[in-house]
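Novice: Okay, here's what each chain looks like letter by letter:
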Amino acid sequence: MLSEGSSPVIYLVDDDKSVLKTLPRALELYGYTVRSFATAKDFLAGFDGEHGCLLLDLSLPVMNGLELQDELAKLKINIPIVFITGHGGVTDSVRALRHGAVDFLLKPFRTEKLIESINEALEIDSVNRARLAKDNDIQRRIAKLTDRERNVFDLLVLDNEPPSSKVMARKLGISHRTVEHHRSRVLEKLAAGSVVELRLTIGKTLGAQWL
Amino acid sequence: MVETGSLFERFTPHGMCYQWRPDILWLNVGSDVIIAIAYILIPAGLLYFMNRRSEVIYPALIYLFCIFIFSCGVTHAFGIWTVWNGQYGVQGLIKSFTAAASVATALMLYPAIPKLLALRSARELEQVNNQLELQIDRRKKSQQQTLELQNELARVGRITTVGQMATGLAHEVNQPLLAISASADTAVQVARSVDANDSMLFECLEDIQKETHRASEIIRALRSFVDNEPSGKTNVQIDSLIYQALSLVSNEARNADIEILVEIDDNPFIEANAVQIVQVLVNLVCNAVEAMAGSQQNPARERQIQVQTKQLNGELHVSVADTGPGIAADRDPFLLFESDKDTGMGVGLSICKDIVTGHNGTIKFSSDGTSGATFTICLPVSAEPHMSQVYTDD
Chain A
156 MLSEGSSPVI YLVDDDKSVL KTLPRALELY GYTVRSFATA KDFLAGFDGE HGCLLLDLSL
216 PVMNGLELQD ELAKLKINIP IVFITGHGGV TDSVRALRHG AVDFLLKPFR TEKLIESINE
276 ALEIDSVNRA RLAKDNDIQR RIAKLTDRER NVFDLLVLDN EPPSSKVMAR KLGISHRTVE
336 HHRSRVLEKL AAGSVVELRL TIGKTLGAQW L
Chain B
5 MVETGSLFER FTPHGMCYQW RPDILWLNVG SDVIIAIAYI LIPAGLLYFM NRRSEVIYPA
65 LIYLFCIFIF SCGVTHAFGI WTVWNGQYGV QGLIKSFTAA ASVATALMLY PAIPKLLALR
125 SARELEQVNN QLELQIDRRK KSQQQTLELQ NELARVGRIT TVGQMATGLA HEVNQPLLAI
185 SASADTAVQV ARSVDANDSM LFECLEDIQK ETHRASEIIR ALRSFVDNEP SGKTNVQIDS
245 LIYQALSLVS NEARNADIEI LVEIDDNPFI EANAVQIVQV LVNLVCNAVE AMAGSQQNPA
305 RERQIQVQTK QLNGELHVSV ADTGPGIAAD RDPFLLFESD KDTGMGVGLS ICKDIVTGHN
365 GTIKFSSDGT SGATFTICLP VSAEPHMSQV YTDD
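Protein sequences, first through last, are from chains A and B. Sequential numbering from 156 applies to the first sequence in our numbering. Sequential numbering from 5 applies to the second sequence in our numbering.
Don't take every hint at face value.
[As the list claims (entries may be wrong)] Over 10 Å on every C-beta distance to chain A, these chain B residues come out as not near it, computed from the model:
id, residue
1, Ser106
2, Glu156
3, Val177
4, Val194
5, Asp270
6, Gln315
[Unchecked claim] Okay, derived cross-link-like pairs now, BS3-like style, lysine-lysine, Cα gap no bigger than 27 Å in a straight line:
id, chain 1, residue 1, chain 2, residue 2
7, A, Lys289, A, Lys268
8, B, Lys214, A, Lys172
9, A, Lys176, A, Lys299
10, B, Lys357, A, Lys176
11, A, Lys268, B, Lys214
12, A, Lys289, A, Lys326
13, A, Lys231, A, Lys289
14, A, Lys196, A, Lys231
15, A, Lys299, A, Lys289
[Stated by the list, open to error] Beta-carbon label-pair distances, calculated as ranges:
id, chain 1, residue 1, chain 2, residue 2, range
16, A, Glu278, B, Thr366, 23 to 31 Å
17, B, Leu316, A, Val217, 52 to 60 Å
18, B, Leu157, A, Arg250, 50 to 58 Å
19, B, Ser203, A, Arg250, 43 to 51 Å
20, B, Asp270, A, Arg250, 32 to 40 Å
Rather than coming from a laboratory, the hints here were simulated on the basis of the structure. Predicted model, so just to flag it, every value in this text is computed and none were measured. Note that beta-carbon positions come from the ideal geometry of N, C-alpha and C, so glycine has one too.
Assemble the whole structure, with the sequences as input and the hints as a guide.
Specialist: Right, here's the structure in full:
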C-alpha cells in the first residue's frame, strides 16, 4: 500500500479563529498532523493531495462547505469529508451525506467522537488510494502491451464470455499458435495467472459491462 | 248702492230663512265661527310643522291641503256674513275658489297614495333599527376578535424573529462552545500525560464538557422550537419532545422557585409535528408556572409541576399538573387564557387545542378549583415505530 509510509494529514477548513486554534491542538495531541485553512479557496490553493481527510465547516464565507464538496468532485479530488457545523439542518446533512460525506458532526462535539469519524475517513482514503494505485499499475501494464497483444487482451476481457483461441484466431486473421503466444504474453505482462484472474482484476478497473 | 244683476247684488239675508229665530240662527252662526277658527288653525299648524321639519314628503300636497282647508274656513266665515248680508254672489266666488282648491288637492292626493304607502311605518323603522344595532354589535365583536388575532400574529411574528436570530445564534455560539469542548479534551489529555492524578481536575474538566454540551442543547432546542424547517410529521418519541420543551422553560420555573418532576411511565412513538407538540408542552408548562408564580401560595404546599406520560388504550396521555390555585369549575380555561396573555413563549391555549386536534388528539383539563390544575393531551400512538429520522440530536 502506497499510504503506509507517510503519516496522514487532517485538512481543517473553518472560518472561526478559536476553532482553528483549539481543534488542531486537540488532534495533534493524538498524533495527527493538521493543516488549517480559513476559507475554501485557501484549501484549494494549499491542498497537496496527501493521504488524509477533510474536516469541513458547513458555513464558510464566499464558498461554503457544500459548494467546496461539489468543487472537489468536479476537480476529481477524492478526499473523504467529515462535515462539522454549528447549525446543521436536516436538509444540509442529507445533501452532504448523499454527496459522499463520511459524517456530519454538530458542533460542539467530543474530540473522541471526532477521532472516530476521522479514523473512518482515513480508512476510506486508504482504501481509495490503494485502489487508485492498483488501477494506475494496471493502466501502466496495459500501456506496455503491443498492438497485437492489445487486440487479444480486448477480446479476452471485453466480452461476456472469453472466446476460444480458435475464434480469436479467426477474428484477428492470425494463426491459432500466434494467438496462444500473445495470450501468454498478455497474462505475463499483466501479472495474471489465468484468464479468469485477468478478467477479475481488469474488469474491476475498467468497469466492464459484464461485471 | 249695488246695481241689480251684479255679482255683488245684495239679496235677502240668510237670517230670513231662519225667520230670525235666535236659536236656529246662533246655532248655525256659532258652529260656523268654530269651524272657521278650526279651519284657519289647522293650516297654520301644518305650516308651522312644515317650517320645523327640514325634510317633508310631498310638501306641495301639504300646501294644497293648507289652501283647501283655509278656503273652507273662509267659506264658513262668509256664511256668517250672509246671515245678515245676502251677498250670495261673493259667497259663490269664494266657494268656487274652495272647489278649485279641493279638486286640485284630491287630484294630487290619489296618485300620491301608493307612494305614501311604500314609506316605512315608524314600527318598521324601529325593527330595521334594531337589526342594524345587532349588526353593529356583531361588527364590533369581530373587530375585537380581529384585533386579538392581530396581537397573536404580532407575537408569533416576534417569535419568528427570535427564530431567525436563534439560527444565527446557534452557529455563532456553537463555535466557541466547540473551542471550549476541544480545549477541555486537550486539557484532560495533557493532565494524563504529565501524570497529574488530581481527581478534582478531571472532574472540573468533565463538568466543563457537560455544561458546554448543555448550553449547546438549549440553543438547539430553542432553534428547532422556532425553526419551521421540519414542518412535516415525523415518528418521534415523546420523551425527547418533553425534554426539549423543558429545556426552554426550566429557567422560568427556577426563577419562580418551582420544581419540575418528569415521570415517563410509557415512552411510545407518535406521528407528530415535533415543533408543534413542543410548543403545546411549553405553553402548558408556562401556564402552570404563571399560575403558581402569580398566586399567594400556601407555604405548606410545595410548588411543583409534574409532567407525566402514560399509555392507555392505544393513546398516549401527557399530563401537566401544577399545585397552584387551580381554576374555578365554571370557567373554561380555553377561553380564560385566550386573550389575557401577551408574554411568554406559548401560543395560547386556543392554538394548543387546534394543534392537538390537528394531531387527531384531544386536550382535557381538570381542576377541583382549589388545589392545582391538570392539563392532559391525548395523542394516538403510531402503529409501527420505524426509524425514519436521518439524524438525531444526541
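Novice: Identify every previously stated hint that the structure contradicts and give their numbers, smallest first.
Specialist: 3, 4, 7, 9, 10, 12, 16, 18
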